[in-house]
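Turn these sequences into a full structure, and let the hints guide you.
This is what each chain is made of:
Number of protein chains: 2
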Amino acid sequence: MVTQKVAFQGEPGAYGEMATLSQFPKAELLPAKSFQIVFQSLESGAVDFAVIPIENSIEGSVNETYDLLLNTNMVVCGEVYQRIRHNLIINPGADNSKIKSAYSHPQALAQCRVNLQKRNLEPIPTYDTAGAVKMIKEKKLNDAAAIASKRAADLYGMEIWEENIEDKTNNYTRFLVISKVQSEPTGNDGTSLIFSVKHVPGALYGILAEFASRGINLTKIESRPTKEVPWEYYFYVDFDGHRNDKQIRDLIRVLKKKTMFIKVLGSYKRGEFH
Amino acid sequence: MVTQKVAFQGEPGAYGEMATLSQFPKAELLPAKSFQIVFQSLESGAVDFAVIPIENSIEGSVNETYDLLLNTNMVVCGEVYQRIRHNLIINPGADNSKIKSAYSHPQALAQCRVNLQKRNLEPIPTYDTAGAVKMIKEKKLNDAAAIASKRAADLYGMEIWEENIEDKTNNYTRFLVISKVQSEPTGNDGTSLIFSVKHVPGALYGILAEFASRGINLTKIESRPTKEVPWEYYFYVDFDGHRNDKQIRDLIRVLKKKTMFIKVLGSYKRGEFH
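Quick note, the sequences are listed as chains A and B, same order. Numbered by the working numbering, the letters in the first sequence go through residues 3 to 276 in order. Numbered by the working numbering, the letters in the second sequence go through residues 3 to 276 in order.
The hints are simulated quantities; they were obtained by calculation from the structure and are not laboratory data. Some hints could be false.
All copies of an identical chain are treated as equivalent in the list; a pair is satisfied when it fits inside any one copy or across any two copies.
Straight line, CA to CA, 25 Å or less: simulated PhoX-like cross-link-like pairs of lysine-lysine [stated by the list, open to error]:
1. K120 <-> K35
2. K102 <-> K35
3. K120 <-> K200
4. K120 <-> K100
5. K222 <-> K258
6. K265 <-> K170
7. K35 <-> K258
8. K152 <-> K229
9. K200 <-> K170
10. K229 <-> K120
11. K142 <-> K152
12. K229 <-> K170
13. K222 <-> K200
14. K102 <-> K260
15. K265 <-> K222
16. K260 <-> K222
17. K141 <-> K258
Below, the structure is given as structure tokens:
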């Protein structure tokens, strides 16, 4: 059997790696420095799949991955919900009372702001959560902590000072799996597509009416600037159903006539919570 | 006459200062380190107005200011569109051929990415555009440039190596003016409000139908996570008309019944382009 290769963004121990492992427990994982490199690895055929974050339940949409989905010729074929639990991680044997700062990705720092203030720890931004753990280990910083997953602490042989230090407990990130190959219907599917409409009153409403009149459940709507004409948007919608379903095929046929631009990103089995 | 006080985020020379000056040319301006401090200055009465960025025509919405608008008891009373023109700024007399890096806010660096690659300049993130100019001046960095407004170059007595180095020319930021006091109708007004709906099929569509049936032109719709229940959203909508107009009053009365939560942020004279 050929081992599948899957790219994710971040260092080993990143939340993206955990989401990837939940879908591809036996695959060969390729960590990438940036989302752009993740997409390039997939498009060049260096990997078979990629797993990208699209939305966090506290911070909202990930603008960069939304923009990259517009321009790729790959399809969305899966969905994963990853629970985010942040931990204060220190060097083994470091004295808690001497810790003065906490290194992590700016979003992780923001999600632990109240807890960091209570402990009087200065937040210091880094490019990655697991990368912060690696850094305080390599530099032997005994007066600093890192904020990252339990997995990152284990991988680098570090100590957990305190678990679950996020301020809000309902912290999940939704990841999408992308590849060259479409997914078959499972009976519990979602579909994502992008469209743009003329800048006239009621244009967006006219499109949403096509979903409502068919009883199709929209689960998310997001707008991103076209970057060409100011205040013109691409709308990204997620809804229940598979692109092979008759009523979704009808919907897409009508939308092709009523939109200026439409791109079906793909259909996928709805994700489970991990 | 009492001089008005107005807060903005960033250092003198920041684009936020330019937007503020276009609305309040004679006011006393108070630069603030963060958006949170901007809101606190207004709420405490330390300033009369604040000017905050809400959306950029390339990068999209500013999540942090959207979230702060949800929790403030201040109202939106004005709108400004500020043209963003980035410049490569260096120390006077510095040798162009020796410049190796460019310091600026991550969004400004992203907006000049292609141009920086052409010149082989390494992008280095800082917290503010004008702050980067101040920094390369104070540290006398002759092998580095900063990316910021022409005004920042003038204020710090620096040299412009090249003007308008942004990759896309349609670069505008939309700012909102906030204060304690509502604005009177001018005949060319916009209104902003926030609502949430039950997580049932067609709920969002049912709200948009109220706008469409009255011929009210939605100019923007944005969703932000509630942060309490995963995948439940607050919707932020901007539309034409003033809250004192009869049909907008009717709309708001109906929306109060059909939404779980509604907050009218305010009505304001539509902004001009600067």
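To see whether the hints hold, each was checked on the structure:
Taking the closest pair of Cα atoms, K120 and K35 come within 25 Å of each other only across two copies (22 Å); inside a single copy the shortest separation is 33 Å, beyond that limit. Proximity of K102 to K35 under the C-alpha cut-off of 25 Å is restricted to the inter-copy arrangement: shortest distance 22 Å between copies versus 28 Å within a copy. With identical chains, the CA atoms of K120 and K200 are never at most 25 Å apart, being 50 Å at best within one copy and 35 Å at best between copies. In this assembly of identical chains, K120 and K100 lie within 25 Å of each other by CA distance solely inside one copy; the values are 15 Å within and 46 Å between copies.
Taking the shortest alpha-carbon separations for K222 and K258, both the intra-copy value of 20 Å and the inter-copy value of 22 Å come in at or below 25 Å. With identical chains, the CA atoms of K265 and K170 are at most 25 Å apart between copies only, with a shortest distance of 23 Å across copies and 35 Å within one. When the C-alpha separation of K35 and K258 is checked against a cutoff of 25 Å, the pair qualifies neither within a copy, at 37 Å, nor between copies, at 47 Å. When the C-alpha separation of K152 and K229 is checked against a cutoff of 25 Å, the pair qualifies only between copies, where the shortest distance is 23 Å, while the shortest distance within a copy is 39 Å.
Within a single copy, K200 and K170 get their C-alpha atoms only as close as 40 Å, which misses the 25 Å cut-off; across copies the closest is 21 Å, which meets it. For a Cα distance limit of 25 Å, the shortest separation of K229 from K120 across copies, 21 Å, qualifies, whereas the shortest one inside one copy, 41 Å, does not. In this assembly of identical chains, the alpha carbons of K142 and K152 lie at most 25 Å apart only when taken from the same copy (19 Å versus 43 Å across copies). In this homomeric assembly, K229 and K170 come within 25 Å of each other (Cα to Cα) only across copies, at 8 Å, whereas the closest approach inside a single copy is 34 Å.
In this assembly of identical chains, K222 and K200 lie within 25 Å of each other by CA distance both inside one copy and across copies; the values are 21 Å within and 13 Å between. For the homomeric pair K102 and K260, neither the shortest alpha-carbon distance inside one copy (58 Å) nor that between copies (49 Å) is at most 25 Å. For a Cα distance limit of 25 Å, the shortest separation of K265 from K222 qualifies both inside one copy, at 16 Å, and across copies, at 21 Å. Both within a single protomer and between protomers do K260 and K222 lie at most 25 Å apart by alpha-carbon distance, with minima of 20 Å and 19 Å respectively.
Taking the shortest alpha-carbon separations for K141 and K258, neither the intra-copy value of 56 Å nor the inter-copy value of 56 Å comes in at or below 25 Å.
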